[in-house]
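Residue-level listing of the chains:
There are 2 protein chains.
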Amino acid sequence: MDHKTTLQEAFNETSVQLAGHGKRDAGVLKKAFVDIEDTLSSDMYGEGKVISDFEAEMAEVLGKETAVFFPSGTMAQQIALRIWCDRKELKTVAYHPLSHLEIHEQDGLKELHHIRTVLLADKDRLITLDDVKNMETNIACLLLELPQREIGGQLPEYDELEAISAYCRKQGIILHLDGARLFEVLPYYGKTAAEVCSLFDSVYISVYKGIGGIAGAVLAGSRDFTAESKIWKRRHGGDLISLYPYIIPARHYFRQRVDKMGQYYEEAMELAVLFNSCAKVSTLPEVPVSNMFHVRFALPAEAVEPLLIKLYEETGVGLTGRLKNTGDQSCSFELSTGDLYGSIPKDKVKAAFALLDKLMQEAQH
Amino acid sequence: MDHKTTLQEAFNETSVQLAGHGKRDAGVLKKAFVDIEDTLSSDMYGEGKVISDFEAEMAEVLGKETAVFFPSGTMAQQIALRIWCDRKELKTVAYHPLSHLEIHEQDGLKELHHIRTVLLADKDRLITLDDVKNMETNIACLLLELPQREIGGQLPEYDELEAISAYCRKQGIILHLDGARLFEVLPYYGKTAAEVCSLFDSVYISVYKGIGGIAGAVLAGSRDFTAESKIWKRRHGGDLISLYPYIIPARHYFRQRVDKMGQYYEEAMELAVLFNSCAKVSTLPEVPVSNMFHVRFALPAEAVEPLLIKLYEETGVGLTGRLKNTGDQSCSFELSTGDLYGSIPKDKVKAAFALLDKLMQEAQH
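Quick note, the sequences are listed as chains A and B, same order.
Numbers 92 to 456, taken from the numbering used here, label the letters of the first sequence in order.
Numbers 92 to 456, taken from the numbering used here, label the letters of the second sequence in order.
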């Protein structure tokens, strides 16, 4: 009958958490609908005020002619790449080896669209202008993810990004932005969303990462591009009779949080300093360029888990519910700052990091 | 500045409507969430209590091993057919010429899955056992829609259905049920959902037709079949981080309405008698076998619209917002009974049909 407390269980019992906006629960939906009248009409298969107003707002923010709301980024991005491949009559695209399309979508791009992929750059670094220039295969479209999530949310410098964009335009290569966390990188770049998007032919953004909606995505581009994307949305089974249960929260939390991205970014930098001050702990990148980074321990998960459980139980501060082994003697987790961190008393944070440092110092290699 | 009132505008102004459960508005969502605690955890990419409990409930109702919740029937059915084609190593399926897959999905089945289709039967009648027996092409799977929506919701007699099922099993043809309106036909058949589904290898149901949820679908079958469907759900971009905004209403309205299907069916029969008593008006089928039927006018839409507008304005009773021309001298609309009809005072209904009969009698051919 003995039950050893798991990391996730101990995390669930913490009174405060460093990352995110709070639990993903029905309250997220209910809060977004508090001020919505019962009489607000549903959208109907992509038409109607509730969807077209939000699409117009997003097109404006992203500096594109038009935008389309999708149930998911998986759907939106496969469709974007399919359209560009069809137009170029070339079913090959390039992206990072750890792109969402490559590792999280059960190969939908290949299985449904029969698009070949070129994996640019090594897994542990960003795509550079040289990678693009030295590509030996002809491609219809290059997908860049800003920030590159799976390597801690790293970013190319803005002039490198501009150079890649200019090169692609010259070469007739379409450039698509995986902007799942686009708003989160704007404070570092010191640019508007529209300025960054102007470097790209098409753009996808998520409404539930930093924005904290429930689910959904927006695909933006020229009028003919988004019109074509609606046909594919129907084909994929994404042209739902009603998408308002996602659109209303997307709008609500976008307006509430889009101006907080600078705060989240600064708090991520502050937190990274705290992690890097602890023994056998480091962050990737060392200095965050968005609200996210990876926390790395120079010990395997099996060794770190009991320490974190102790930390959670003694301080009530939760860091993560999951650790991923990244080698024989290392593990890591992803952290994205949101509404929660700013509300934790500073002395509570300080005490947690003091204990983390102590526990890691004492830990056996 | 003159504006001629359209049929849709006049319909929107009516105080009562014969069809449906009421307006598709935010109230549908808010009512379903009234008793839901803020702390209810979201599902996460197809996992978690809120989704797995509902899937288990639906599997039980449909008499199948397992069930999977999908954002749409378009997605669920393409995936079902793809799985069966892959297993049979034969990319050909058969369905009715007016199947949803053939006319409402922008050819997703062909464009995404490269599945060939055999159109069985004429457009204006049901698929029969003879149609299946006389097929000249080998197929992996036959899709039957119960009721056949685009021809007024007609149904094969139950023994014909059993014979088709037995024939398919003998021939090694997979049988898939498009049960978008499955619960609506159970009173006519006098069968449980599980009894009807036992004739099929896989089953799709919608949660927003007669049930009146917001959006979504359930695909049910054997454990290995639904497990494979989840991989394709991810590929299609339908494995959303949170589907609870559709699942909670689906569960709420399923429980509220599944036992009312008999009432809706009887009211549809009652309404069909009233329509058939009017000059130049008939229903298809003449005697409904579910909660739905088509209303046909022996005049073009241009002639009927002003009469209906007059009817709506004088009686406050709304029949439809749209008419579809079905020939030079005929038009029609689809009607499905729901919660609304039973709440209209009988004398109001009577007055509306008396005026409809009078207006149609006076109308010029």
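Source of the hints: derived by calculation from the structure; they are not laboratory data.
Please note that a few of the clues may not be correct.
For identical chains, the list gives no copy identity; a pair is met inside one copy or between any two copies.
Think about it this way: if two alpha-carbon atoms lie no more than 25 Å apart in a straight line, the pair counts; the simulated PhoX-like pairs of lysine-lysine are [stated by the list, open to error]: (1) Lys-401 / Lys-439; (2) Lys-114 / Lys-439; (3) Lys-415 / Lys-437; (4) Lys-201 / Lys-182; (5) Lys-140 / Lys-114; (6) Lys-439 / Lys-371; (7) Lys-179 / Lys-122; (8) Lys-401 / Lys-300; (9) Lys-121 / Lys-449; (10) Lys-114 / Lys-179; (11) Lys-140 / Lys-95; (12) Lys-214 / Lys-439; (13) Lys-441 / Lys-95; (14) Lys-214 / Lys-415; (15) Lys-121 / Lys-179; (16) Lys-441 / Lys-114; (17) Lys-282 / Lys-415; (18) Lys-122 / Lys-140; (19) Lys-437 / Lys-201; (20) Lys-140 / Lys-121; (21) Lys-95 / Lys-261; (22) Lys-401 / Lys-261.
field: List of violated hint numbers, smallest to largest
entry: Those not satisfied are hints 3, 7, 8, 9, 10, 12, 13, 15, 17, 19, 21 and 22.
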